[in-house]
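Take these sequences, add in the hints, and give me the full structure.
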Amino acid sequence: MPVPAPIWRRLAAAVYDGLLLLGIWMAALMFDTIVRDLLDVERSWPALRAYLFLIGLAFFGWFWTHGGQTLGMRAWRLQLRRADGSPPRWLDAALRYALMLVCWSVVLTPALLRLPVLARLPHAQAITFVALSISALSLLWMRLDARRRGPQDRLSGTEVVVLPAS
37 MPVPAPIWRR
47 LAAAVYDGLL
57 LLGIWMAALM
67 FDTIVRDLLD
77 VERSWPALRA
87 YLFLIGLAFF
97 GWFWTHGGQT
107 LGMRAWRLQL
117 RRADGSPPRW
127 LDAALRYALM
137 LVCWSVVLTP
147 ALLRLPVLAR
157 LPHAQAITFV
167 ALSISALSLL
177 WMRLDARRRG
187 PQDRLSGTEV
197 VVLPAS
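If you're matching positions, the sequence shown starts at 37 in my numbering and goes up one per residue.
Everything labelled a hint here was simulated from the structure, so no lab data went into it. Just so it is clear, CB atoms sit at the ideal spot from N, CA and C, and this is done for glycine as well. What you were told as hints is all true, and nothing was included just to trick you.
Taking CB as the label site, the calculated pair distances span:
1. L75 / L173: 43 to 53 angstroms
2. V77 / V138: 26 to 36 angstroms
3. P42 / R72: 35 to 45 angstroms
4. P42 / S202: 12 to 22 angstroms
5. F67 / A111: 22 to 32 angstroms
6. L74 / P42: 46 to 56 angstroms
See the structure below:
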């Protein structure tokens, strides 16, 4: 039976994949800017957000549905699979990716609210407290769960396991 991935290993793979995703998003933004300038088209922020979401979904979805491993997960010998052990489907990957973005948004909110321009918001301290509380409860939930599933795993019916050393 596969061993559930420890939280520290999942975070290490997430940092690796996050840096890759940032690079892909930067290339996608450069492409978007060049195309818009050539066609003399105004930027639409909702369209840009949807475009970046789809780029990230294509990145994670392809890797997760083709072997269950992103590049960061390969480096740490982790694999995403469905609860029954089968590979994730595109719908599983899309749901997990969307939920993963929500989870990381909550985790990163306190750091973002430390920026001077955002720290002046009326409820910045309360939002920071709520985000830190949700993050701590999620980590505790993962720690207490026998299969170390995070919120995105539970809600998408997936789990991350450690692959044996080859």
